[in-house]
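Enquirer: One letter stands for each residue in the lines below.
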Amino acid sequence: MVYAAPWMLACALGGFVVLLAFGRRLGEPVAGWVATAAIAAAFVVAVVTWIGLLGHNNREITETLFGWLPIGSYQVKVALLIDPLSVTMCLFVTGVSALIHLYSVAYMHKERDFTKFFVYLNFFVFSMLLLVLADNLLVTFVGWEGVGVCSYWLVAFYFDRDSAASAGKKAFIYNRVGDVGMLVAMFVLFTHLHTLTYLGIATGAATLTGTQVTLVVIALLFAAAGKSAQIPLFNWLPDAMEGPTPVSALIHAATMVTAGVYLLCRMSHLLVLTSSGRATIAVVGAATAFVAATIATSQSDIKRVLAFSTVSQIGFMVLAVGSGAYAAAIFLMVAHAFFKGLLFLGAGSVIHGLDGEQELSRMGGLRTVMAWTFATFLVGWLAIAGVPPFSGFFSKGDVLKGAWAYSKPLWAIGLVAALLTAYYMTRLFVLAFTGDPRFVRAAGGRRALAPPHESPWVMRLPLVVLAVCAAVAGALGPALDRFLSPVFASTHLAPLSSASDDTLIAIDGVVAVAGLAIAWWLWRGRVERPALTPRFLANVWYWDDAYDAVLGRPAARAARASAEMVDPLVIDGAVLGVAAVARRGARQLRGLQNGYVRSYALLFAVGTALLVAYLLARTF
Amino acid sequence: MQSSALLVTLVVLPAVGAAVLALVPRLEGRVATTLGATIAVAELVGAALLAIGYHPNGAVYQDASTQVLAAPFGLFWRAGVDGISLLLIVLTAIVVPIAILGAPARHRTRASISWLLLLEAATVGSFASLDVLLFFLFFELTLVPAYFSIAGWGDQRRGPAAAMKFFVYTLVGSAFLFVGILVVAFLHQSQSGGALTFSLTALSSTHLSGTTGVLLVLAFTAAFAVKSPLFPFHTWSPDAYSEAPVSGSVVLAALLAKLGTYGIVRFDITLFPHALVTVGPWLFALAIASILYGAVVAGGSSDLKRLLAYSSLAQMGFIVLGIVSLNQAGVSGAVLLMFNHGVVTAALFLLVGFLAKRTGSSLVTGVRGIQGPAPILAACFTVAMLASIGLPGLNGFVSEFLVLIGFFGAEGWWAVIPTLGVVAAAIYLLWAYQQVFQGELVTPAGTSISDLDWRERSLLAPLLAIMVVLGVYPKLVLDRIGPSVVHLLAHLHAVGLSSTAIGPR
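Just so you know, the sequences run in chain order A and B. Under my numbering, the first residue of the first sequence carries the number 165, and numbering increases by one thereafter. Under my numbering, the first residue of the second sequence carries the number 4, and numbering increases by one thereafter.
If you're looking for bench data, these hints aren't it; they were derived computationally from the structure. Small disclaimer: the values here were computed from a predicted structure and weren't measured. Check before you lean on any hint, since a few could be wrong.
Some chain B residues well away from chain A (every beta-carbon gap over 12 Å; in silico) [what the hints assert, rightly or not]:
(1) F79
(2) F141
(3) V282
(4) L462
(5) H490
Pair ranges (Cβ atoms, derived) [as the list claims (entries may be wrong)]:
(6) A468/B <-> N703/A: 44 to 50 Å
(7) A292/B <-> A695/A: 34 to 40 Å
(8) A468/B <-> A201/A: 26 to 32 Å
(9) G219/A <-> L52/B: 38 to 44 Å
(10) S327/A <-> H494/B: 52 to 58 Å
(11) L52/B <-> H220/A: 47 to 53 Å
(12) R276/A <-> R29/B: 50 to 56 Å
Covered stretches of chain A, going by a simulated chain B footprint (3 or more residues, C-beta under 8 Å) [what the hints assert, rightly or not]:
(13) 222 to 236
(14) 334 to 344
(15) 574 to 582
(16) 718 to 725
(17) 729 to 742
Positions of the beta carbon are idealized from the N, C-alpha and C atoms, including for glycine.
Please model the complete structure; the sequences and the hints are all you need to start from.
Expert: Shown next as structure tokens:
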């Protein structure tokens, strides 16, 4: 049953091919149903594979499909590695994807490129599955880039909107910058180990020097920072919210953006060999978790709050990886896929219901008009805030426990970020769902607004399923830990005494409730509190402006100057100068330089004849 | 050596076609197109047969033929193919029919098609030559049709000047090559005491002192660096590529550029292995400069054709980087990249031609958002663009990856610098795409943009199919060029270059 795994890929790819070929003829909504069915089938296959794997004693099964790329005498194969980690990834990726496909059938109703949307979406799932199932870095990289290009297409889905087109481009380019890290890591590993398979790297890791391991790990971290929106490459993700909301839920919350964390976990056998590399990872994670959380407190757009929240939550995962708590990172990844997917879909439902409104200041009072959305969003909110007994409490608790064992200062930063998480999510919830309905006033005079409405069942069903998952997934923790542990390199974290364990858990709960209470008290009945949303935070720590000033604008100026001045004047000028000198030196022959090709041809013929004569003279 | 008529036919057939078209005035108009396309397609079938009959693990040079042409001058017909030249002959046979049919109807005249066929003959001849003098003659012969294509059917105002610049520039480069060829041949003759010969195999045993070798490799490489082109010898190319007609840009960038890089693979490595290792760092420097400089200038170009010219400059840098790495991964990647760049760049120039037909110019200004009215055009452009950027799953990635991993094997951490070129390509191509295809629809006054018609789609389809097939299954090609590259590199070991001098593996 384990060997069914390739069929997961086949389902998603099949959906893509069918829609590419016949999508336009199928049209709305059939194309959407076909796409959803393909991914649902992939989910079934994933479950079958998982059950199959449970029956195996050896849980590292490689399935080779075909030889792909010969590098010298080595052959990179398209092969799948079926182990607890990849199967876990496949289960939640296909599950959440199927739900979001279903949701999209209604959400994308009457959109111009309805079919094309599902073409991209199916191809995305295929690439994501390839990414997690590949048995080597190079094939993972194929999936890695595949999801990246889908992200580019889907962010820029409303291509006639300039901001969307720019955001898509930005997402792709930031990822490409990160890719340099991935490529360099592969160069080093291949040159020294002559293999790129994960199992081979795990076995051979010990033969690398300390410096090599550290450089590879830093390079991989850089790649992960691009894909998973970590410092210093995090600021493409909020812009990516230009895409349709199901895309934000699927790609920019639940699945693709966690690929960097997956990659680092995959490389745990390298990570354990470099304490400085792991320290860097942990610091980047903690810093991102904190910085993004501060920014999220001051955003006015519902999707941007959620986007920075995603950046921050992935920061927690990266912190866990750096701390050596790999299973905790994956646990949070799974739980996050549920609750953040849920929150985005809920936000989508709100935006859908308010005819495209995304500003929190023009929402409010949605509790009564959108009961289903409200109830499910409530679950998502409590889960992400870390309120017991929802899934966020347990998963974030595991991460913080790992951080505590690894480094107290980083744990403290994480704790502050957790407090901020509860705070900004409560702010969002209060502004959107409670208080007076401000959308009525906002709409007054501007345009006729359809009355806010609850979404159809196709959109409500995924919300309910995800809400159930987000509520109870916390119970998965211990089982997931047992299932995954054999995959990861042992990190010898000092085991906590049960007393300090209990204390940590208590602190987590208190912090979550405190953040929630503070926000409730501050934002209840208020729409604006400028003191609490300072410019510095609203403008993302001026991160984009700094990049623009230091890199973007100078590079653009240099490019323009090169194209308009350096190349035509300096380089070409030098060539023309040489020609001019030669011309002056041969003023007598000037008549020949008349610009007629026949003269040059003649000259060439004469020259050739002379040389041939010389040749003849030498031969005879 | 067994003789084979097929390879000879592949050189002669387009030449005969060119002559017929040139000499029979009644063949004007549609007849000329039909005849020219038929010959080009027959050539493609022949090239396919050649490829099918090729045994990757058979003789080094297959379909070989030798014929005395002018014994006193040492001029012989020596031709044959290995995996490397076979691939480039196939590329030529694929690109020429597309170039013929891809030109706008008013450009498809008897004369222009005749020139294209002559160019095909000369290009195939260059790739098939196993004789240095024969190669040189074909190499030079390509100039004439290329010149007349640009001058005759290019931009009316600036075309002739661009053609002249191209012609003179390459001719100067070739002068070095010609002198170099004569020097090697004479040295060989004086050492062997036999008759004058330009046979590549014979000349490869010539003993060269350090300085002589370096001077010779520089002379050869000068011609190849101009033709490819490499920084800083590239300034003819933006003018020539942008002022040429569509078919001219396609063959210039996709085929003629490869003559330069092919020359480095075939002649520099075989004739001057020691000297090539000596000048290697300088070539690396030029290659990296081409990659970075090409990327920067491409980023500042507002004319798509010029942008593609600079993008090609960067790609040529990658090719040279792979070759001079002198290891299996690097050279295989470089050869594959020659093919891949030919396919991708032909598609891109064709697309820009189709675009310009609709909007009146190849500038990125003045037209926006045409993904709306022309989704298929946009989709085709996207695929070719992504192949050029090096997206895995498409052909460009495989070759780029091999080149970079080969270069890393040879030079270690320096490889990080050209890897940055991978980022740059994404920046300028996505920028250009956004300018033209995305945003609110803006077209030049009064024009409505139509999507690709069936003829245009069918011209692009084979190129796009190759991008996907070779991205997913590059072994199709790599398994054929692999043994030839092994043989080429074995020559380095044979002359005593240790594996440290030529990089690991």
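Enquirer: Work down the list of hints and note, for each, if the structure agrees.
Expert: Checked hints:
Residue-level check passed: F79/B sits 14 Å from the nearest beta carbon of chain A, beyond 12 Å. Remark: the non-interface label on F141/B is consistent with the geometry, its nearest Cβ contact in chain A lying 15 Å away (cut-off 12 Å). With a cut of 12 Å on Cβ distances, V282/B stays outside the contact zone with chain A, its closest approach being about 21 Å. The Cβ of L462/B sits about 20 Å from the closest Cβ of chain A, beyond the 12 Å cut-off, so the non-interface label holds.
With a least CB separation of 14 Å from chain A, H490/B remains clear of the 12 Å interface cut-off, as annotated. Between A468/B and N703/A the C-beta distance comes to about 47 Å, which sits within the given range of 44 to 50 Å. Between A292/B and A695/A the beta carbons are some 54 Å apart, a value that contradicts the proposed interval 34 to 40 Å. Checked against the hint of 26 to 32 Å, the pair A468/B and A201/A passes, with Cβ atoms roughly 28 Å apart.
A beta carbon spacing of about 53 Å between G219/A and L52/B contradicts the range 38 to 44 Å that was offered as a hint. Checking the proposed 52 to 58 Å range against S327/A and H494/B shows it holds: the Cβ atoms sit about 57 Å from each other. In this structure, L52/B and H220/A meet the distance hint of 47 to 53 Å, their C-beta atoms being roughly 50 Å apart. One distance hint, 50 to 56 Å for the beta-carbon pair R276/A and R29/B, holds here, with the actual separation near 52 Å.
Coverage of the region 222 to 236 of chain A by chain B holds [criterion: at least 3 residues with CB-CB distance below 8 Å; count 7]. For the region 334 to 344 of chain A, the stated coverage by chain B is satisfied: 6 residues place a CB nearer than 8 Å to a CB of that chain, which reaches the threshold of 3. Under a criterion of three residues with beta carbons nearer than 8 Å to beta carbons of chain B, the stated coverage of the region 574 to 582 of chain A fails, only 0 such residues being counted. Residues of the region 718 to 725 of chain A with a Cβ under 8 Å from some Cβ of chain B number 6, which satisfies the need for three, so the listed coverage holds.
Given as covered by chain B, the region 729 to 742 of chain A passes the check, having 7 residues with a CB less than 8 Å from a CB of that chain where 3 are the minimum.
Comparing the model with each numbered hint stated earlier shows that hints 7, 9 and 15 do not hold.
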